[in-house]
Amino acid sequence: MIAIQKEDVDVGKLIDAAKQLGTGAFVIFDGIVRDDDIVEMELEAYHDVALKELKRIAEEAKKIHNLLSVDIIHRIGRLAVGENILIIVVGAGHRAKAFDGCRFIIEAIKAGVPIWKKELRKNGGRWVPGEHQHGTGKI
Amino acid sequence: MIAIQKEDVDVGKLIDAAKQLGTGAFVIFDGIVRDDDIVEMELEAYHDVALKELKRIAEEAKKIHNLLSVDIIHRIGRLAVGENILIIVVGAGHRAKAFDGCRFIIEAIKAGVPIWKKELRKNGGRWVPGEHQHGTGKI
Amino acid sequence: MKVKVRFFARFKELLGTDIVVDAATGIALNGLIRDIAAKNSEGYDEIFDENGTFKDFVILMRNGKRIDSTDAPQTKIEDGDEIAVFPPVAGG
Amino acid sequence: MKVKVRFFARFKELLGTDIVVDAATGIALNGLIRDIAAKNSEGYDEIFDENGTFKDFVILMRNGKRIDSTDAPQTKIEDGDEIAVFPPVAGG
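Sequence lines, in order, name chains A, B, C and D.
According to the working numbering, the first sequence is numbered sequentially starting from 1.
According to the working numbering, the second sequence is numbered sequentially starting from 140.
According to the working numbering, the third sequence is numbered sequentially starting from 279.
According to the working numbering, the fourth sequence is numbered sequentially starting from 371.
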């Protein structure tokens, strides 16, 4: 399951659904709205492009790290402190691949999927600056 | 929660219970009974020593990787293919620490916690050889 | 010809989004966005420097594909194009 | 003096576990385990080499603390000790 949605997901159910022949390890990343003096977080996506990009990243991770399953749920809309923002469930035969694959996916999402976050504070909002990427320079 | 037990756990509930001020990322490891032509897996622990060791590893990981929370549930007894063997839930402020902390814990468990696995096949059983550790050599 | 322009994040707050324009045939990507951004000077200044060139961090897409902003003057807009303009991403 | 010996995994299958023995005062760790393992030659051969020395991979604990197997001959057993003998661990 690859999705960009407002609704939360049940991590345990995602894991159960991803189990298949040969799975020996899951590594799950769960990004949480951190209490940086904020009231809420607002997330916005360029939906179609972001979804296509998540699917591409999942396929690339599967190939590079020999993964058996990849689920990515990125939430959008208003989220309170402590809520899940992003859940990545990676299944593999062995732990090293599951760890490397999961890490690869989160780094790729941070680097290039068109989703933005705004921290809503008592005294106003602030768009979270990206860690990566410029409009110029063909790297 | 650090435990060695027969019962399975609800990963989603573990995560929810671990959320605290400052948590921005969880990394979860979930080890699964892999279908290596086996019928079941039987796990045995030197319970008191293994539990003490899991607690020591959790504390060490917290210190080294600046983690906010660590939960480890290692199951014992007979487990069918696809069942959870080991669940590690690591909470941290940021993803790098959560990944490094979770990896540290699973490697430490593999290296030195007195728990053993026997693969039960149609034609008999086989104790899984350890990846580490000898009785001699003060390394 | 009809073109849709989508701004995101703080660009969207200043300039709106899903803007459908009737663009002149032969217009280039930089000219198209300059014309639209001109309606709000704060929005314009977020995206363009004093020479009317895209600021370094501004990211452009045409129909879901990245366009290097230095190529914008050579990128001719076509009928039905969807153009996206946004600041660095911060998902995850 | 009373001592408890615990074998695990395949050692347990061959030799049993939670064996409470009345050990002679001054007995060393290697002697204690040799005496108990002697009751089953297959179990003995899993743990000891032809010289009666612990095989390299055998792990020993006294009261939950590792004892290097090369130190076993110098390790005197005390009343109430819990000794554990096991093959390399394979949890996780």
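Hints were generated in silico from the structure; no laboratory data involved.
Incorrect hints may appear among the rest.
Below 20 Å or equal to it, Euclidean Cα-Cα: the simulated EDC-like pairs (lysine to aspartate or glutamate) are [stated by the list, open to error]:
no., chain 1, residue 1, chain 2, residue 2
1, A, K19, B, D176
2, A, K19, B, E146
3, B, K158, A, D36
4, A, K19, B, D174
Task: Hints not upheld, ascending by number - done: Violated hints: none at all, because every hint is consistent with the structure.
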